[in-house]
Amino acid sequence: MLRLEKRPTPSQAWAWGTPFLAVALTMVAGGAMFAMLGKNPIEVIRTIFWDPLFGEFAWYLRGQLLVKAGPLVLIAIGLSLGFRAGIWNIGAEGQYIMGAIVGAAVGLAAYPTESRWIFPAMIMGGAFGGWVWGMIPAILKTRFNTNEILVSLMLVYVAQTILAMASTSFLRNPEGSGFPGSRNFNSYPAASNPELIAGTGMHWGVVAALVTVIWAYILLQRHLLGFQIKLAGQAPRAARFHGVNPNRLVMLCMGISGALAGLAGLFEVTGPAGQISIDFNVGYGFTAIIVAFLGRLNPVGILLAGLLMALTYIGGEMASTNLGLPSAAIQAFQGMLLFFLLAVDVMSNYRIRLFTMGAK
Amino acid sequence: MDFGSINPAVLIASLMVASVPIMLAALGELVVEKAGVLNLGVEGMMIMGAICGFITAVGTGSPVMGFVGGAAGGAALSLIFAFLTQILLANQVATGLALTMFGLGLSSLMGQGYNGIKPPSTGKVPFGPLTDIPVLGRILFSHDWVVYGSIVIVAAVWYVLKFTRAGLVLRAVGENHDAAHALGYKVQRIRLLAIVFGGAMAGLGGAYVSLVRVPQWVDGITAGAGWIALAIVVFASWKPWRVLIGAYLFGGITVLQLNLQAAGSRIPVEYLSMSPYLITILVLVIMSSGKGRASLNAPAALGQNFHAAR
Amino acid sequence: MTRDTLLTVEGISKSYPGVKANENVTFSIGVGEVHALLGENGAGKSTLVKMIYGLIRPDEGRMTLRGQAYQPLKPREARAAGVAMVFQHFSLFDALNVAENVALGMGNPPPQRALAAKIREVSQGYGLPLDPERLVGDLSAGERQRVEIVRCLLQDPKLLIMDEPTSVLTPQEVNILFATLRQLAAEGTSILYISHKLEEIRSLCDEATILRRGKVVATCTPREKTARELAEAMVGATLTPPERAGSALGAVALEVKGLTVASANPFGTSLKDISFAVRKGEVLGIGGVAGNGQDELLLALSGEMRAAADAVRIDGVGVGQLGPNDRRRAGLCTAPEERLGHAAAPDMSLVENALLSGAVRKALVRNGFVDWTATRDWTAEIIAKFDVRTPGTGTAARALSGGNLQKFVLGREIMQNPSVIIVNQPTWGVDAAAAAFIRQALLDLATAGAAVVVISQDIDEILEVADRFAALNEGRLSPPRPTKGLTVDEIGLMLGGAHGMHEAEGLHHAEA
Numbered sequence: 001m002l003r004l005e006k007r008p009t010p011s012q013a014w015a016w017g018t019p020f021l022a023v024a025l026t027m028v029a030g031g032a033m034f035a036m037l038g039k040n041p042i043e044v045i046r047t048i049f050w051d052p053l054f055g056e057f058a059w060y061l062r063g064q065l066l067v068k069a070g071p072l073v074l075i076a077i078g079l080s081l082g083f084r085a086g087i088w089n090i091g092a093e094g095q096y097i098m099g100a101i102v103g104a105a106v107g108l109a110a111y112p113t114e115s116r117w118i119f120p121a122m123i124m125g126g127a128f129g130g131w132v133w134g135m136i137p138a139i140l141k142t143r144f145n146t147n148e149i150l151v152s153l154m155l156v157y158v159a160q161t162i163l164a165m166a167s168t169s170f171l172r173n174p175e176g177s178g179f180p181g182s183r184n185f186n187s188y189p190a191a192s193n194p195e196l197i198a199g200t201g202m203h204w205g206v207v208a209a210l211v212t213v214i215w216a217y218i219l220l221q222r223h224l225l226g227f228q229i230k231l232a233g234q235a236p237r238a239a240r241f242h243g244v245n246p247n248r249l250v251m252l253c254m255g256i257s258g259a260l261a262g263l264a265g266l267f268e269v270t271g272p273a274g275q276i277s278i279d280f281n282v283g284y285g286f287t288a289i290i291v292a293f294l295g296r297l298n299p300v301g302i303l304l305a306g307l308l309m310a311l312t313y314i315g316g317e318m319a320s321t322n323l324g325l326p327s328a329a330i331q332a333f334q335g336m337l338l339f340f341l342l343a344v345d346v347m348s349n350y351r352i353r354l355f356t357m358g359a360k
Numbered sequence: 001m002d003f004g005s006i007n008p009a010v011l012i013a014s015l016m017v018a019s020v021p022i023m024l025a026a027l028g029e030l031v032v033e034k035a036g037v038l039n040l041g042v043e044g045m046m047i048m049g050a051i052c053g054f055i056t057a058v059g060t061g062s063p064v065m066g067f068v069g070g071a072a073g074g075a076a077l078s079l080i081f082a083f084l085t086q087i088l089l090a091n092q093v094a095t096g097l098a099l100t101m102f103g104l105g106l107s108s109l110m111g112q113g114y115n116g117i118k119p120p121s122t123g124k125v126p127f128g129p130l131t132d133i134p135v136l137g138r139i140l141f142s143h144d145w146v147v148y149g150s151i152v153i154v155a156a157v158w159y160v161l162k163f164t165r166a167g168l169v170l171r172a173v174g175e176n177h178d179a180a181h182a183l184g185y186k187v188q189r190i191r192l193l194a195i196v197f198g199g200a201m202a203g204l205g206g207a208y209v210s211l212v213r214v215p216q217w218v219d220g221i222t223a224g225a226g227w228i229a230l231a232i233v234v235f236a237s238w239k240p241w242r243v244l245i246g247a248y249l250f251g252g253i254t255v256l257q258l259n260l261q262a263a264g265s266r267i268p269v270e271y272l273s274m275s276p277y278l279i280t281i282l283v284l285v286i287m288s289s290g291k292g293r294a295s296l297n298a299p300a301a302l303g304q305n306f307h308a309a310r
Numbered sequence: 001m002t003r004d005t006l007l008t009v010e011g012i013s014k015s016y017p018g019v020k021a022n023e024n025v026t027f028s029i030g031v032g033e034v035h036a037l038l039g040e041n042g043a044g045k046s047t048l049v050k051m052i053y054g055l056i057r058p059d060e061g062r063m064t065l066r067g068q069a070y071q072p073l074k075p076r077e078a079r080a081a082g083v084a085m086v087f088q089h090f091s092l093f094d095a096l097n098v099a100e101n102v103a104l105g106m107g108n109p110p111p112q113r114a115l116a117a118k119i120r121e122v123s124q125g126y127g128l129p130l131d132p133e134r135l136v137g138d139l140s141a142g143e144r145q146r147v148e149i150v151r152c153l154l155q156d157p158k159l160l161i162m163d164e165p166t167s168v169l170t171p172q173e174v175n176i177l178f179a180t181l182r183q184l185a186a187e188g189t190s191i192l193y194i195s196h197k198l199e200e201i202r203s204l205c206d207e208a209t210i211l212r213r214g215k216v217v218a219t220c221t222p223r224e225k226t227a228r229e230l231a232e233a234m235v236g237a238t239l240t241p242p243e244r245a246g247s248a249l250g251a252v253a254l255e256v257k258g259l260t261v262a263s264a265n266p267f268g269t270s271l272k273d274i275s276f277a278v279r280k281g282e283v284l285g286i287g288g289v290a291g292n293g294q295d296e297l298l299l300a301l302s303g304e305m306r307a308a309a310d311a312v313r314i315d316g317v318g319v320g321q322l323g324p325n326d327r328r329r330a331g332l333c334t335a336p337e338e339r340l341g342h343a344a345a346p347d348m349s350l351v352e353n354a355l356l357s358g359a360v361r362k363a364l365v366r367n368g369f370v371d372w373t374a375t376r377d378w379t380a381e382i383i384a385k386f387d388v389r390t391p392g393t394g395t396a397a398r399a400l401s402g403g404n405l406q407k408f409v410l411g412r413e414i415m416q417n418p419s420v421i422i423v424n425q426p427t428w429g430v431d432a433a434a435a436a437f438i439r440q441a442l443l444d445l446a447t448a449g450a451a452v453v454v455i456s457q458d459i460d461e462i463l464e465v466a467d468r469f470a471a472l473n474e475g476r477l478s479p480p481r482p483t484k485g486l487t488v489d490e491i492g493l494m495l496g497g498a499h500g501m502h503e504a505e506g507l508h509h510a511e512a
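Read top to bottom, the protein sequences are chains A, B and C.
End of the first sequence = 360 in our numbering, gap-free, step of one.
End of the second sequence = 310 in our numbering, gap-free, step of one.
End of the third sequence = 512 in our numbering, gap-free, step of one.
Among the hints, a few may not be true.
Said to hold, decoys possible - In silico PhoX-like links for lysine-lysine, alpha-carbon gap of 25 Å or less: (1) B:162 <-> C:118; (2) A:6 <-> C:74; (3) B:186 <-> A:6; (4) A:6 <-> C:20; (5) C:74 <-> B:186.
Stated by the list, open to error - Distance windows between CB atoms, simulated: (6) A:24 <-> B:189: 30 to 36 Å; (7) B:112 <-> A:29: 18 to 24 Å; (8) B:121 <-> A:29: 36 to 42 Å.
To be verified - Beyond 12 Å from chain B on every Cβ pair, some chain C residues (computed): (9) 66; (10) 168; (11) 184; (12) 225; (13) 232; (14) 255; (15) 310; (16) 313; (17) 321; (18) 351; (19) 364; (20) 377; (21) 464; (22) 468.
It should be emphasised that the hints constitute simulated quantities derived from the structure, not laboratory data.
By construction, the Cβ of each residue, glycine as well, lies at the ideal position given by its N, Cα and C atoms.
Only chain A is shown next, with the shape it has when bound in the complex:
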């Protein structure tokens, strides 16, 4: 049997060690899962984790890494602030969709004008769309004490319906001969978000993600607000004693995470995705939750975790085309990663002792 003994002071070594241990354990358990699917586990894991970086097509796939990691990091940073404060926004997927829709609508409203102000206006629109979608659960929580987890999640389903409406009616490409989907931003230069340096996958969304990582790092390390966020999550009553207004913090965290998710949506729709379509969202908002935890809610950690998770996406696609691995296997693999992370997390706060029954 296991017995846990609380450490007097949380272990720093384990806090950094657990993500690596979790990844290792996930590879073992995931390998077993792949083996059960009749695949060679070593080959699958090599295809997922090695080939995209150093394999035959690495020159192309390495660029894809940033394309996928950009939105994950951007969303996860926002979520991590709330998670640290004990505010559970799990509706980033919906905020991501709404950011894309509002931002795209701003751009499409200006079509076909060419002006250098269009893209900045779209960025504002994207952030605004996500912010509004994040503020709904925030206001309901502060005014009516409603559970933000359920509301933000319900709003994902609502946003998906709105996305369907946008691509089939109000944002549909009038020249698209009736097919659902908006105009393609890649053929509208003033509103597009192109690759900045060819072959790197770097676009404005990736730049925004990096800036956000630095911003969040400074916020959490040096700014009083960062301290208050941590305090509110760890000891809510102490936070109130310190002088934190919990309602303000909820608004702030939900607003920031909503706006960042909205930005991610906007950069995605104007760049890699190119247009609003029914299947525009691919689950970045949910995967970002894993990224946030895997990065231990730490900005630098999230950057690394975002890259790793992007790798599993790209590698997963490779494994799916080359080895016939079902794409759902990657989803299960990612879920498993979060399990192992939560499981080994116990090490940083507790010592584990083994004991035999009766000798307690």
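Keeping the supplied structure of chain A fixed, place chains B and C upon it in accordance with the hints.
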């Protein structure tokens, strides 16, 4: 729009069917929460129940075995949650989310090759001539055994929580785990059992979706029903009979909006299909805004992990 | 007096990583004897009784009950053997009613209706009236204790363990409790009575075992000893009571007028029309039994709960509508009762915990950015000046012992040089040396010209430090009276006498 095509008796009969999955899942979650545990993985456990139930039913040709398999699938997934939160003291919110994500992935993996297959049909309970009573016969005596079973389970959960010692101990653990521990109750073990019960109920509800409601296997078949079940527990302020009312209400909305879509309502389809989620939010707002004594039903130790210090 | 022996404890030891909670403890209790277990906070009393009650298992040693080997593996076995326990922090469930609470503490409870009748019968028989249908959360602290006692009595215990039972009672309620305990002892029930209150032990107990740092240091008959002798045996040193240099009182620094605030907690106590004033250099003691609005009063004064602007004035300026940081700016510092989780964040370092309340007055934040160097320096200063025993400033608050953390919390507030300081239960759960140190520091602050408010459930503490005394009872505050010349009986009446005892009062007056 042709409202005449909507027959009230058929509507009520079909809302009773539509509400079964969320009712079962919400009842399970109610017991879990009464023990002081917040398991947000209901959606994941439901969909695991849906696929496990489907595979078992197709494999054995028996819908009853299918439901057993569904319950087992949900319970198996809930064991992961129980291990992480009760033994390793992981954060319950995060673990619940992980459970849902993992369940969605794993179910879709297990469901490869099951698309487009029809499961064995779950027979209606033969009530003989009772079925032919006008209106009432259609509403009350035209269902499969799970519909009646779910109502029996509501009554059983209510009775056990309110009148038995086991129910009292469960509520005590959810109210104040330190005091329960001081009196010598095994907090972890009681919570573990509650979690597994919740998993089995969610699995049962999921199996009903894939075996009766739809009935076939599609990825993401539960479509947020698990989250609505969580909301219904809040709506019901942790009371079993109110779970029944809440489930019927949501079942009713779902059936009504489907009927309106079919009847060619002038309201755009999209508004109708987002209505269950919007109404869930509305209900949460109404139920949560009441402060003070009404909130006393919420278990005081909900979501807090227990670690016996010394 | 010779009695048959009920329980013997022989050579019991129990250690935890880094602490020897009990070391070779030996004593025995006779049938019908009231036996005191005396010791400071942290002396190992609770660990010892938890072993007798089967909550934890000893590492070494043996126990016998009525001559038979006794080794309970769980509380249920202890209860079956006739051992019952009333906890210091009650093991009660707020949202359940009295009968359900009682049922939970019994091995084999009768059906609810029969149980309710039995509760009425037993509680009346021992002068502890209780309504089985009421929610426990609605009861006063004294009534809640009655629930625990009745729960024990229903099982016909041979040994009743009581852990610090009087800390939540008014003097009148203590008398009633003692009458009940004497009645029980006369009927042949043995009582193991844990306390650090010497006068109580001298008046109630037949025998006493004194623990210090986990070891038995003396066994005696408390009636034959003076309180001072017992105290020295318990603490192991002679303590000097705090001294204060007499100083002239200045202008009114804190004025509270008509303060009415609803509690945020459904089982909390709302404050009703509270008024008092404290001058510079003065110490006001606010007494009261637990749960009469102490927490709410602290929250309303610290700024965690808001009121009308003029309900709270500091140096004549209304601050009632301001939050904690604005009040700190105005000169008011507070120290809540609960150290871990309220006054300090358990998992944060002492540096971060220093920033927690010192940010404003120590100017540790500039343009929103934290000056960690200055914060670290100030933390080191607190640790040095208040003798906080810690490996360093980076240690998590939860790693400190209760007394050390309390010294840190009080030091943090005192070193901000507040013009008004409000502390709730400043020495609760703190060993005697640290308690004396804290009281002295508060008196020094008053001497230096601050207005000090000490909210405490320990009347002795208030009498020791306060110039005036006011009692908090069901959310109302009595008019303050000078402490000099107040008798214990008068204080008891100010605290509300015996709560919820109307039927029983006549019954017990003769004995009390």
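Comparing the hints with the structure gives:
1. B:162 <-> C:118: Satisfied, since the Cα-Cα distance of roughly 21 Å is no more than 25 Å.
2. A:6 <-> C:74: holds (23 Å)
3. B:186 <-> A:6: Within the cut-off at roughly 19 Å; holds.
4. A:6 <-> C:20: holds (17 Å)
5. C:74 <-> B:186: The given pair, whose Cα atoms are some 10 Å apart, holds under the 25 Å limit.
6. A:24 <-> B:189: 30 to 36 Å: About 31 Å separates the Cβ atoms of residue 24 (chain A) and residue 189 (chain B), which means 30 to 36 Å holds.
7. B:112 <-> A:29: 18 to 24 Å: holds (19 Å)
8. B:121 <-> A:29: 36 to 42 Å: holds (37 Å)
9. 66: holds (22 Å)
10. 168: holds (16 Å)
11. 184: Holds, because the least Cβ-Cβ distance between residue 184 (chain C) and chain B comes to about 21 Å, which exceeds 12 Å.
12. 225: holds (32 Å)
13. 232: Since the minimum Cβ distance to chain B is about 29 Å, residue 232 (chain C) lies beyond 12 Å and the statement holds.
14. 255: holds (31 Å)
15. 310: Given that every Cβ of chain B is farther than 12 Å from that of residue 310 (chain C), nearest at about 27 Å, it holds.
16. 313: holds (30 Å)
17. 321: holds (21 Å)
18. 351: Fine: 25 Å to the nearest Cβ keeps residue 351 (chain C) off the interface.
19. 364: Residue 364 (chain C) clear of chain B: closest Cβ-Cβ about 31 Å, beyond 12 Å.
20. 377: Check passes; 34 Å lies beyond 12 Å.
21. 464: Its Cβ never comes within 12 Å of chain B, the nearest being 32 Å, so this holds.
22. 468: For residue 468 (chain C), whose nearest Cβ neighbour in chain B is about 36 Å away, the distance exceeds 12 Å, so it holds.
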